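There are 2 protein chains.
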Amino acid sequence: MMEYIEQLHTQRRIGELKKYLNEINPADIAQLLETVENERTRVFLFRLLAKENAAQTFVEFDGDTQENLIRAFSDTELKEVLDELYIDDAADIIEEMPATIVKRILKNTDPETREAINTILKYPEDSAGSIMTPEFVDLKKDMTVEDAFKRIRRTGLDKETIYTCYVTDASRHLIGVTTVKELLLSDYDDVIEDFMETNVISINTLDDRETATLALSKYDFLAMPVVDMENRLVGIITVDDAIDVIQEENTEDIQKMAAITPTDTPYLKTDVIDSWKKRIPWLMLLMISATLTSQILTTFEDKLLQASVLTAFIPMLMGTGGNSGGQSSATIIRAISLDEVRFKDIFKVIWKEFRIGAISGLTLAVVCFIKLLLFDRIVLGNDAVTFTVSIVISLTILVETICAKIIGSTLPIIAKKLGLDPAVLANPFITTISDVVSLLVYFGFAVLILHL
Amino acid sequence: MMEYIEQLHTQRRIGELKKYLNEINPADIAQLLETVENERTRVFLFRLLAKENAAQTFVEFDGDTQENLIRAFSDTELKEVLDELYIDDAADIIEEMPATIVKRILKNTDPETREAINTILKYPEDSAGSIMTPEFVDLKKDMTVEDAFKRIRRTGLDKETIYTCYVTDASRHLIGVTTVKELLLSDYDDVIEDFMETNVISINTLDDRETATLALSKYDFLAMPVVDMENRLVGIITVDDAIDVIQEENTEDIQKMAAITPTDTPYLKTDVIDSWKKRIPWLMLLMISATLTSQILTTFEDKLLQASVLTAFIPMLMGTGGNSGGQSSATIIRAISLDEVRFKDIFKVIWKEFRIGAISGLTLAVVCFIKLLLFDRIVLGNDAVTFTVSIVISLTILVETICAKIIGSTLPIIAKKLGLDPAVLANPFITTISDVVSLLVYFGFAVLILHL
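Quick note, the sequences are listed as chains A and B, same order.
In this note's numbering, each number is its position in the first sequence, counted from 1, plus 109.
In this note's numbering, each number is its position in the second sequence, counted from 1, plus 109.
Keep in mind that the hints were calculated from the coordinates and are not lab data.
Some hints here could point you the wrong way.
The list makes no distinction among identical chains, and a pair is therefore deemed to hold if it is satisfied within one copy or across any two copies.
[As the list claims (entries may be wrong)] Straight-line C-alpha distance at most 27 Å; calculated DSS-like pairs for lysine-lysine:
#1 Lys480 <-> Lys412
#2 Lys212 <-> Lys453
#3 Lys387 <-> Lys412
#4 Lys290 <-> Lys327
#5 Lys525 <-> Lys387
#6 Lys290 <-> Lys457
#7 Lys268 <-> Lys525
#8 Lys160 <-> Lys212
#9 Lys378 <-> Lys461
#10 Lys128 <-> Lys327
Keep in mind it's a predicted model, so treat the numbers as computed, not measured.
If we strip away everything but chain A, and leave its shape as in the complex, we get (with noise of 0.2 Å):
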């Protein structure tokens, strides 16, 4: 595709290139524009889009993109530009933007748009408030269908979705929601007062926006109204926006579950300074709690010394307790993002990992020992692998997997009760304590067991 747009380009075909570009989605044309190299040529190519693509275009241009356009842009441009957008959509971009370019923003739309993008910039990060527009289509309950088609059709150019109608009383107080659909399966003199559904479901501007879309998708609907502490409707999050999100929070929490800090920047897009400084200082932390498990063999290094053969096993130890415990963190953070399992599930939650890490670690347990006295001491011939030595790591693997289960299972719960959050608690973190839990079982039994 690119290369047919580059060939028109140089034969200075515009009449075709101009057609071309338009008839394309504008999700692709951003993406096409985004690989051109010289900034004059995509300026030039941007500047062929009709007014209503070249928004559209706009929207989904990365940061740095859009920060170049509108250098490029002059006033009246940008103010095209800016007419287009949904005001959601311009509070995003100004968040990305440098002061300069947001004071040029702001200077080019009308008050009453600047108003509105300052209300939602103001919305805690990570709110409801933060994501919805204010641009949706409201009735009175004493309209009939024939008024709010009208209604609809004189207001709805603008609106982000016109499908579900909020229905509002004279201090904006929500009162009712019905959709286009149920307009359009109605007669035109019915009053949309007798159907409208009134048990309306909203979330506050305050509410988490993973609350937001979580309820939007369990609802199976195409916006959800946001209300402030009156009940007022201020505005909806649209479910195209609400994937997004979806996305963003999944993407945040794999993130955190590997110890990153997260970003949103596709990963092609970061520098590498960047990534460094999202990554080294978990590395580092994790590096540092780990003086914990040197001490912990530095203590027991005379024993070790009895028993060198205890040495090799180590690595497969903490291995194991890590996974173990891993596999129970990751499950229950998912669950908690889900909203599956709750503070008040904890002890359904301990008695549920208890199980499974009895039968899990009974099960590697029994595999291990037979594995230590077949392969390692028949088939390797190492013989320092006894019988005794092969019950001291089998149990140790038995009671490091239920430790580790039940600790991966319940500090992100706990995490979330104090309002911290689960996804850091997984695989890395776990894997630094379960170490620890599993080197001293391990010499507890070594010392029982050998007599060490």
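Once you have looked at the hints, place chain B on chain A.
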């Protein structure tokens, strides 16, 4: 809420109970009824729901509850619920039911619906075809806006969404698309052909369902049209189902990344044996693979006895390698899922991770070196931690970090290229591999620098 329902039920205030239940959103009724322990009470309460509510509630139940309800239903009741279901929901339910129930369901659906359900069931699991519904609004290009609205009013009630309308030719080829918003904002005598979007984005029945949902999200669609090999429109995927797929795929990815066989049963509803079955194979595989580390340690046992201080740092070194690799693999696996990184990017990825690994490794190595000499040697008075030993440990950190980052980032890309699941190559597997690498690097430097 449940207390009030139980109170009305015990007092046999059935009229009030019915009114109360029918005012609650079906997604919430389903959650409430699932908490009812007594099977007969649940069936009784379910029977109080109005026909449309009943079907919508039924869809929200988990498989077990659905099965139990169907067993309690008379044929008439079953038919009533089935008639209200959308085809894709009916297909979903059937997939989970035992053969006898499936037979009863199919017996109680009309032949046309039965055929439609069977068509969906025939598509491979995880394909776009398997999650689509054939109930969409189709228009003809020579219809006027007025004709279109007439058609929507006549057929819209049973469609899962009416807001995106598809224009097909006589052989059902998809030739255009328009929306109710556009129809509402047009004049009654405008002809569809004149304003419909002709660059229709669609996906194929056999495409992966994840591809379908990513595209729907990219283009902000409310529904994604699904076409067969001859570009005939056979169904649509609605946005609410797309969100469910996105959440399921994310849960699956997180489970795989924690070395668990994926399941879509919520945590508290999975039984212990099921959880064990999903977790034990991977724990076992990883435990057995760790035999390699035991082998390496056994090989170097004599050398470790000569410099027993080295043992104390094995867990820390392996932890750091595992964490470094885990960060990279999680980042890349997520980027692959979001289609941000493809096989062609592999060299870019390697080069980037090499640099991130180099500066991260260097930072860690320097901090570790200082910590070893200041804390371990001076504060803790561990004289065995000499200058050269500290050099060996720090160099190992530098090299293992670089190796782990490269391994962690490239293996998922290669896995994807080979048609395997990249998510499986996450932290646990990368850790096992990086453990081996770390130990080899460690003993390599030890032999070289300490002349063991």
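Comparing the hints with the structure gives:
no. : hint              : verdict
1   : Lys480 <-> Lys412 : both (24 Å within a copy, 26 Å between copies)
2   : Lys212 <-> Lys453 : neither (49 Å within a copy, 41 Å between copies)
3   : Lys387 <-> Lys412 : neither (40 Å within a copy, 38 Å between copies)
4   : Lys290 <-> Lys327 : both (20 Å within a copy, 25 Å between copies)
5   : Lys525 <-> Lys387 : both (22 Å within a copy, 26 Å between copies)
6   : Lys290 <-> Lys457 : neither (44 Å within a copy, 49 Å between copies)
7   : Lys268 <-> Lys525 : neither (37 Å within a copy, 41 Å between copies)
8   : Lys160 <-> Lys212 : within (23 Å within a copy, 56 Å between copies)
9   : Lys378 <-> Lys461 : between (43 Å within a copy, 11 Å between copies)
10  : Lys128 <-> Lys327 : between (42 Å within a copy, 23 Å between copies)
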